[in-house]
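Trainee: In order, the protein sequence lines correspond to chains F and L. As numbered in my numbering, the first sequence has no gaps in its residue numbers, which increase by one up to the final residue, 172. As numbered in my numbering, the second sequence has no gaps in its residue numbers, which increase by one up to the final residue, 571.
Quick caveat, the hints were computed from the structure, so don't treat them as lab data. We treat Cβ as the ideally placed atom computed from N, Cα and C, and that holds for glycine. Each hint should be verified, as a subset may be incorrect.
Okay, the calculated bits of chain F under chain L, using three or more residues with CB under 8 angstroms as the criterion [to be verified]:
hint, segment
1, 10 to 17
2, 89 to 100
3, 112 to 125
4, 154 to 168
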Amino acid sequence: MAKLIRNRRVVADNWLRLKLAADGGLNGNSPAVPAEGDVIVPLKLWLERHDALAVRLGKTGVWLESNEGAELVAADIKRLPLIAVNFSSFADGRGYTTARLLRERYGYTGELRAIGDVGRDHLLNMQRCGFDAFDLREGENEVDAIAAFDELPVAYQASAVEPQPMFRRRLN
Amino acid sequence: MYIYDEIDQKIVDQRVDQFRGQTERYLAGKIPEDEFRALRLRNGLYVQRYAPMLRVAVPYGLLSSKQMRMFAHIARKYDRDYGHFSTRQNIQYNWPKLEEVPDILADLATVQMHAIQTSGNCVRNITTDHFAGVAADEIVDSFVWCEIIRQWSTFHPEFNWLPRKFKIAVNGAKSDRAATEVHDIGLHAVRADDGAVGFRVVVGGGLGRTPMVGHTIREFLPWQHLLTYLEAALRIYNRHGRRDNIHKARIKFVVKEHGVQRFREEVEAEWLQLKDGPNTLIQAEVERIEKRFTRPAYEKLPGHDAALDTLLTSDTAFRNWHMRNVHPHKVPGYAAVTLSLKQTGVPPGDATSAQIDAVADLADHYSYGELRVSHEQNLILADVKLTELHAVWQEAKKLGMATPNIGLLTNIICCPGGDFCSLANAKSIPVAQSIQERFDDLDYLHDIGEIDLNISGCMNACGHHHVGHIGILGVDKGGEEWYQIEIGGNQGEVKPGVRASLGKVIGPSFARAEVPDVIEKLIRCYLDNRDSEAERFVDVAHRVGPELFKDYVYGKADPESPRRRRQLAAS
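Take these sequences, add in the hints, and give me the full structure.
Mentor: Spelled out as structure tokens, the structure:
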């Protein structure tokens, strides 16, 4: 079973991530959603079928592409146990904004998972923006990567995990 | 000088450790090449034509003599005994070894310095007026606001992977010496009628291959909201900036494509969500930052010095230097002095370790142990007593830093160009030298008066050629180096009423050897057509337009020029 970092621990990942058909469409049963087990479905599938998905046996989460903003799932925050944000490239930083908005503006408290081109050197900023689960790309070592969370323990900014900026904490 | 507290120091130290780890993992083959590239860029480390290049931050251009000596130490120990002061008020080293960079950073951290975010697609060094804190036309001390923004932007978790680099400039005086209208965001201090401080917010300016002058999206942002507003603007940019084309990725393209009105609405709507939140600045924090800046203990001095006046009358060379390189100060009895790094024959902005050490000594003896780097690539002693100007001049002469050309044609802004930079299409330093050699008559230079001549070796425009009154751009034509000439650019509202503007190309480009002749013809056109000595080159360029200048350069002008006719008529 695939591995995952969740809350700074390496755990087995028992979620199945579904992707859209090659043509990006939802024709027929594509992609086929298994009747049981926990799945993460693409946003498009979620938006079109969430009533049907809601009565599945097993949990249903949703994943957002880099260009799909937090507001697209804002109305569903309460019934989503997992939201994943895809980093199509590590250099595409839109997912950091998506994560902060989900946590800080929409009050999302479920699992927020970074997927895609996710490597050790990105974990710290992702965690500060609100991600708590990380599906590392091929070739990364999850056990070694956990050290990255402690690399810059002191930070100036307010963030998803630190509601007060340093200048307010300093003055206390 | 801003003095770190233990938190500021910890943040810099922990970054040294992090980067050392990244470098070790890269050298062990554990980080892919393209990803390490992005990681090292966030610490100012490029790989250039011949060797890595390390850009060290001089936050808002202000540094202490102790930090200056560290620059000399690094030049001696890790590089080829010199450094290059850049147009971003930073210093660059052209020959460090990649595996030694963590040691360089560790050395820098011992004097509260770093290379954080001096490159990469993140918020870069905040720049400002090199006369901040001493300018006679000061509205606020911009250093305080720069430091507040520096802290906010340092390792901001959301904005480390922006579509492209992001440059913020702050101007705290009436004159805009910080070129705020050609930055991604320019903040121009404003004082309301009731004395409240705020900022005019200008967005979407920039140079590079598609230069644009920025747009004001807010006339008055009360200071309390500075960080929430920046956060809103950066967030809109992070979401909507183009990531498919590196050449259209700066914020200026979002402003252009959305339109200023829509962009403003987007920023304001996002800001309403953040406004009055925890990032709202508080008076206690502004005061805390202010108190961490050391200030010169100015003496009560008369505003005039009779001995100085006598020397100015008797010594022509000193007078020339005083006229160009000495600048007014808000405290009576003091002046600011520019030490020129534009000696003919030396690449603009270059300084040897011996010069750097010597300038540190000058700062200690004559200017309260502080100095500044200007975006014109010179060094500034900001707090010199009038009674000591002559001594400073004599010391500067010994160092080769007394070239009396500030504001004049030979005070050229110039990028490293094809001699050092892998991006360059053409060399820029030899062009600067050939112009400096051609215009070596000081009386003539003074007659020409104030003019900015800027040279870039490629369209990335590190030499700011678009905002030179005369701009020179190196271009590649069939593998050969050619030079395109622009006129009429202006970096900002230094002279009241003359706003920032971009230069216009006058026509086909020239071979390198032709450039000094072309400059001479442009100057001839200016001298022939100015209505008085108060009308600068750029004023004439704006008034008469490029056509007349083209005629002079490309050979259609009447040899019996108006000036010549006037001279004949007068004789």
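Trainee: Now look at each hint and say whether the structure bears it out.
Mentor: Checked hints:
1. Here's how the segment 10 to 17 of chain F fares: 0 of its residues keep a CB closer than 8 angstroms to some CB of chain L, so the rule of at least three is not met and the hint is violated.
2. Against chain L, the segment 89 to 100 of chain F contributes 8 residues with a C-beta closer than 8 angstroms to a partner C-beta. That satisfies the three-residue criterion, and the hint holds.
3. Counting residues of the segment 112 to 125 of chain F whose beta carbon lies closer than 8 angstroms to any beta carbon of chain L gives 4, which meets the minimum of three for the stated coverage.
4. Restraint check on the segment 154 to 168 of chain F versus chain L: 12 residues with Cβ-Cβ distances below 8 angstroms, three needed, restraint holds.
Figure legend: structure checked against the earlier numbered hints; the only hint not met is number 1.
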